[in-house]
Amino acid sequence: MAAFAQSSAANDYKAIVCLFLNGGNDSNNMLVPLSGSQYTAYNQARGSNAVAQGHLLALPNSPYGLNPAFPNLSKAFASGNAAMIANVGPLVQPTTAAQYQAASVQIPGSLMAHDDQQEVWELGGYSPGIGASWSGLTADLLSPGYNANNMPMVTLLGNAVTFGRGNSTVPFSAGPFAQQASFWCADGMACYARETAAQQLLTFKNGVNLLQADQQVYQQAYKYNTFYDGVLGGAQGFKTSFPSSNPLSGALYTVATMMQLRNQIGARRQIFFINAGGFDTHAAQSSYQGQLYSMIDQAVGVFIQAMQELGIYNDVTLFTASDFSRTLSINSSGGSDHAWGGHHFVVGGAVKGGKIYGTFPNLQLGGPDDIDGSGRFVPTTALSQYTATLASWFGVPNAALGGMFPGLNNFATSNLGFV
Amino acid sequence: MKHFGEIFKSAGRTMRGSMCVAALAAFCLAGFAQSNPVVDTGWDSGTSTSLQAAGRILNQATFGPVINDVFHVEAIGITNYVNQQLAMPAYQIPLANPLPVTQGDCGSYECDTEYYWWNDILFGPDQLRQRVAFELSKLFVVSVDGVDPRYMPNFLNLLSRDAFGNWFTLMQDVALSPAMGTYLNMADSFAPAAGQRANENFARELMQLFSIGTVALNQDGSQRLDANGNPIPNYTGAQVQNFALAYTGWTFANADCSVPSVPNSYWFENPPGQNCPMVAFPGAHSTVQKTLLNGTVLPAGQSAQQDLTAALQNVFNHPSLPPFVCRRLIQSLVKSNPSPAYISRVAGVFINNGAGVRGDMPSVIRAILLDPEARAADAPGAADPNAGRLRDPILWWASVMRAMQPTSSATLPNVGFYSQVVDLWLGNMDEVPRNATSVFSFYSPNFTLPASGLYAPEFQNENVSTVAWAALHVQDALHNNFYLPASNVNEFTLNLGPGSLWYNFASQNGAPGLVKVLDALLMHGSMTQDMYQAIVTAVQYDDPATMAKIAVYLIVNSPQYKLMI
Chain A
1 MAAFAQSSAA NDYKAIVCLF LNGGNDSNNM LVPLSGSQYT AYNQARGSNA VAQGHLLALP
61 NSPYGLNPAF PNLSKAFASG NAAMIANVGP LVQPTTAAQY QAASVQIPGS LMAHDDQQEV
121 WELGGYSPGI GASWSGLTAD LLSPGYNANN MPMVTLLGNA VTFGRGNSTV PFSAGPFAQQ
181 ASFWCADGMA CYARETAAQQ LLTFKNGVNL LQADQQVYQQ AYKYNTFYDG VLGGAQGFKT
241 SFPSSNPLSG ALYTVATMMQ LRNQIGARRQ IFFINAGGFD THAAQSSYQG QLYSMIDQAV
301 GVFIQAMQEL GIYNDVTLFT ASDFSRTLSI NSSGGSDHAW GGHHFVVGGA VKGGKIYGTF
361 PNLQLGGPDD IDGSGRFVPT TALSQYTATL ASWFGVPNAA LGGMFPGLNN FATSNLGFV
Chain B
1 MKHFGEIFKS AGRTMRGSMC VAALAAFCLA GFAQSNPVVD TGWDSGTSTS LQAAGRILNQ
61 ATFGPVINDV FHVEAIGITN YVNQQLAMPA YQIPLANPLP VTQGDCGSYE CDTEYYWWND
121 ILFGPDQLRQ RVAFELSKLF VVSVDGVDPR YMPNFLNLLS RDAFGNWFTL MQDVALSPAM
181 GTYLNMADSF APAAGQRANE NFARELMQLF SIGTVALNQD GSQRLDANGN PIPNYTGAQV
241 QNFALAYTGW TFANADCSVP SVPNSYWFEN PPGQNCPMVA FPGAHSTVQK TLLNGTVLPA
301 GQSAQQDLTA ALQNVFNHPS LPPFVCRRLI QSLVKSNPSP AYISRVAGVF INNGAGVRGD
361 MPSVIRAILL DPEARAADAP GAADPNAGRL RDPILWWASV MRAMQPTSSA TLPNVGFYSQ
421 VVDLWLGNMD EVPRNATSVF SFYSPNFTLP ASGLYAPEFQ NENVSTVAWA ALHVQDALHN
481 NFYLPASNVN EFTLNLGPGS LWYNFASQNG APGLVKVLDA LLMHGSMTQD MYQAIVTAVQ
541 YDDPATMAKI AVYLIVNSPQ YKLMI
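Chains as they are written, first to last, in the numbering used here: chain A, 1 to 419; chain B, 1 to 565.
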């Protein structure tokens with residue numbers, strides 16, 4: 001643990017923001033080949049959901065372009081502060097479509113099931129379930145060396161199931177726009193006695209096992225909300241505008257505020273989870289996917305601006321997650337259905353950007369990467385590699401990665417090098 | 001009605017310790033072994049059904065005990081109570097106002113429905129039916145985040161009708177409802193053109209979330225494993241697509257439930273077929289052969305209705321369905337961690353109700369509520385260590401409000417209270433009625449606690465933010481601070497002031513009497529000595545109104561109350 005001791009002696013700050021796109025982002029339309037046989041295959045399979053060639057935002061030095069709804073991401077990519085990671089998904093080991101069809105290697109369980117795959121993406125490995133996640137285990141490991149014991153390292157601003165849960169870490173749940181409910185009392189002189197009794201009740205047992213779990217939630221609420229509400233009094237606000245029309249603004253505002261207050265909180269490492277819904281585009285996708293992407297891109301723009309305003313853009317990395325990508329082929333409702341590997345992006349001053357990492361799949365329906373002729377692509381980069389890269393940047397020593405990411409050693413590298 | 005105070009004061013010898021019949025000996029032992037004895041409320045008075053038994057069944061079968069119901073169950077017993085409830089007709093919500101609301105304080109299509117629903121939940125007699133329907137609404141999820149609220153009355157009504165029907169009928173009614181048709185896109189999902197596939201949304205979620213789950217189950221709910229010890233998937237991707245094809249060909253009906261001459265699309269100005277099942281549109285169904293579960297083949301050329309019925313039957317008859325469904329219902333009504341034997345007994349009744357009927361809901365509900373494991377902790381002072389289900393925010397809110405003897409004078413068109421106050425507050429607790437953020441509902445049945453690994457579905461939304469909001473909002477309610485416009489302040493009132501039952505108890509019997517009666521009503525006498533003492537100490541010098549407010553606040557915000565045991 002020499003590296004760990006060394007880094008904790010430094011006075012650095014780092015934060016990770018997970019942006020979860022709930023429902024399964026059809027990233028086939030987010031990162032698109034610009035031309036040639038790949039665009040032809042894309043265009044034929046997508047039909048009315050295809051993005052016209054001329055509308056794509058060409059990425060420098062690459063044969064791919066972004067959906068036109070992503071001007072901010074495109075700009076960050078061009079300036080070297082954003083990277084794309086192609087065709088990521090849960091894998092036990094390197095796997096081809098042929099191996100999937102022959103079931104000759106172990107295949108991750110419950111593929112294409114929303115809740116299971118959300119769990120997998122929150123956990124960072126390949127097995128669905130509810131338990132210790134990479135972010136929670138990272139907090140278990142790094143909190144003692146980096147953070148004061150005022151608040152958990154991980155903060156949730158959305159509907160995470162198991163993100164942030166470690167062996168000892170329980171994440172903090174924060175409200176939007178830096179507002180947090182307290183146990184404020186409206187009964188004047190009677191309040192002191194009320195609060196005393198309320199907290200005593202959190203220690204009494206009644207022989208039922210589930211009781212203690214709820215008592216812990218309340219104990220944490222009294223402890224953390226009280227501390228956090230106190231700290232929030234010192235928040236300075238932002239010049240950056242957080243547009244109220246964007247559903248992610250409330251969460252981003254809290255994230256930025258907690259970063260601004262990192263010294264008061266006593267945190268040199270922070271992990272945040274935010275999410276946006278609506279990506280389960282089974283029908284009429286072309287009528288609203290553009291709005292979803294504009295919402296995400298606007299949020300990316302707000303994020304970059306706020307981080308620059310705080311002077312910590314080089315210390316913060318935002319990454320995307322999603323249940324799965326969707327079939328390249330269109331269905332009869334003008335939508336697409338649950339698939340497997342999908343494209344993702346990372347943004348931040350520390351990102352080694354302007355580059356597409358990983359291997360873009362062959363888009364031919366029934367081609368070498370398609371598992372069933374519908375355009376469900378077997379991932380070419382493992383989710384565990386993607387998340388392990390983030391964990392390494394954050395300060396998790398290599399020796400600890402294996403315990404966080406089962407099967408990571410089955411892959412050629414545990415660090416994709418994008419940050 | 002017997003006067004509550006008289007009952008309370010005349011309560012004689014308690015029955016504590018006298019109910020340890022052989023079948024329950026282990027649980028009685030567990031109950032008596034605990035080092036933290038419960039308070040004697042003085043309530044049990046020789047009725048054959050104890051306060052604890054009455055309170056527990058009312059927690060499991062209603063939206064929370066009210067005084068008259070406690071007396072009623074004590075008088076007639078649990079079995080009779082359940083049978084009475086099973087015979088109750090279903091309250092049916094009137095259709096939503098078809099036009100934008102311009103009068104009164106409502107202002108949305110939701111608030112009529114919210115008013116009718118909450119009114120029945122808080123004041124209506126068909127409690128068990130509505131409770132089961134409510135729990136079903138968290139299984140067969142539709143959400144106004146994606147569905148026009150004017151489709152909701154029809155959906156809520158079918159849930160409460162079918163709650164005491166047959167599971168197959170329920171599946172078919174849900175499948176053809178315009179609400180589900182919109183939410184999971186079965187409406188206007190037509191035979192795919194060459195090179196296209198059918199929309200898989202409803203086909204996949206019906207199996208995964210509503211009926212059998214992703215992996216094969218034994219009758220006791222445990223996973224079936226293959227020779228290598230791995231779970232066995234219940235269906236393949238190809239089967240999902242075949243089901244999707246079987247479900248093609250349906251569109252919204254006309255307003256009079258007839259088949260339209262061209263397929264109806266959803267239209268905001270006047271959503272088609274608001275109170276009608278969807279209808280098969282001629283020529284829109286894929287007539288190819290479909291291969292479903294367990295090798296069942298639907299021959300080519302069948303009609304949309306024939307394929308739908310056969311496909312739903314194929315799922316309905318799958319061996320994973322009874323344990324999948326029964327585990328969910330037990331977790332919803334009784335406890336988060338049922339034993340495999342309990343699940344197996346109930347699933348056995350689901351498979352065959354004794355008269356050869358599969359999926360007979362009244363039999364299943366009776367089996368759940370009257371099972372020895374559900375009733376194990378009915379003896380006064382007994383505790384089942386694995387008992388309990390956290391009250392989710394809607395159930396918690398309803399239980400608190402019901403117990404506090406609310407009054408409502410809301411009348412159309414001034415019915416905004418429920419949608420604009422209660423539902424808004426519940427949003428801070430991550431559970432807005434009829435507004436789940438996704439098809440997998442507000443929380444997962446498989447959510448587990450750290451360390452212990454116990455199932456605890458409702459804990460998924462129990463966090464430092466939601467519990468603090470809950471406390472703030474219940475404080476507002478106890479102060480009758482509903483932030484309503486002055487003209488509508490009487491839409492809903494909690495009565496804790498002078499003249500109220502609680503006020504009278506506080507002024508006549510002081511803190512000890514008040515806390516005991518609250519223990520009896522809210523916690524069926526399960527309050528431990530230390531909890532009782534802490535609350536009495538906190539409120540003993542308060543004036544009666546404050547004493548009532550704070551005692552109720554402390555109890556309903558305590559994990560001891562939130563955990564329904």
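Keep in mind the hints are simulated off the structure, nothing from the lab. C-beta atoms are modelled at their ideal positions from N, C-alpha and C, and glycine is treated no differently. Watch out, some of these pointers could steer you wrong.
Facing chain A, from chain B, some residues (calculated, C-beta under 8 Å) [what the hints assert, rightly or not]: (1) Phe123; (2) Asp226; (3) Trp469; (4) Ser558.
What follows is a set of in silico ranges between Cβ atoms, one per label pair, in the way DEER data are often shown [to be verified]: (5) Pro260/B / Ala102/A: 31 to 39 Å; (6) Ala52/A / Ala194/B: 22 to 30 Å; (7) Gln179/A / Ala486/B: 20 to 28 Å; (8) Ser303/B / Gly417/A: 26 to 34 Å; (9) Ala102/A / Cys257/B: 29 to 37 Å; (10) Asn480/B / Phe177/A: 24 to 32 Å; (11) Gly129/A / Phe71/B: 41 to 49 Å; (12) Thr79/B / Ala148/A: 54 to 62 Å; (13) Asp145/B / Phe177/A: 44 to 52 Å; (14) Gly195/B / Pro60/A: 31 to 39 Å; (15) Pro94/A / Val297/B: 35 to 43 Å; (16) Pro60/A / Asp476/B: 54 to 62 Å; (17) Ala194/B / Pro94/A: 29 to 37 Å; (18) Ser48/B / Gly233/A: 55 to 63 Å.
Okay, the hints, checked on the actual structure:
1. Phe123: violated, 27 Å
2. Asp226: Interface hint status for Asp226/B: violated (12 Å vs cutoff 8 Å).
3. Trp469: Trp469/B check passes; min Cβ-Cβ to chain A is 4 Å, inside 8 Å.
4. Ser558: holds, 5 Å
5. Pro260/B / Ala102/A: 31 to 39 Å: violated, 48 Å
6. Ala52/A / Ala194/B: 22 to 30 Å: The hint (22 to 30 Å, Cβ to Cβ) holds, given that Ala52/A and Ala194/B are roughly 23 Å apart.
7. Gln179/A / Ala486/B: 20 to 28 Å: holds, 27 Å
8. Ser303/B / Gly417/A: 26 to 34 Å: Given about 58 Å between the Cβ atoms, the range is violated.
9. Ala102/A / Cys257/B: 29 to 37 Å: violated, 50 Å
10. Asn480/B / Phe177/A: 24 to 32 Å: holds, 28 Å
11. Gly129/A / Phe71/B: 41 to 49 Å: holds, 46 Å
12. Thr79/B / Ala148/A: 54 to 62 Å: holds, 58 Å
13. Asp145/B / Phe177/A: 44 to 52 Å: Violated, at about 20 Å.
14. Gly195/B / Pro60/A: 31 to 39 Å: Hint holds: Cβ distance 35 Å, inside 31 to 39 Å.
15. Pro94/A / Val297/B: 35 to 43 Å: holds, 37 Å
16. Pro60/A / Asp476/B: 54 to 62 Å: With a Cβ separation near 56 Å, Pro60/A and Asp476/B satisfy 54 to 62 Å, so the hint holds.
17. Ala194/B / Pro94/A: 29 to 37 Å: holds, 35 Å
18. Ser48/B / Gly233/A: 55 to 63 Å: holds, 59 Å
Hint violations for this structure: numbers 1, 2, 5, 8, 9, 13, all remaining hints satisfied.
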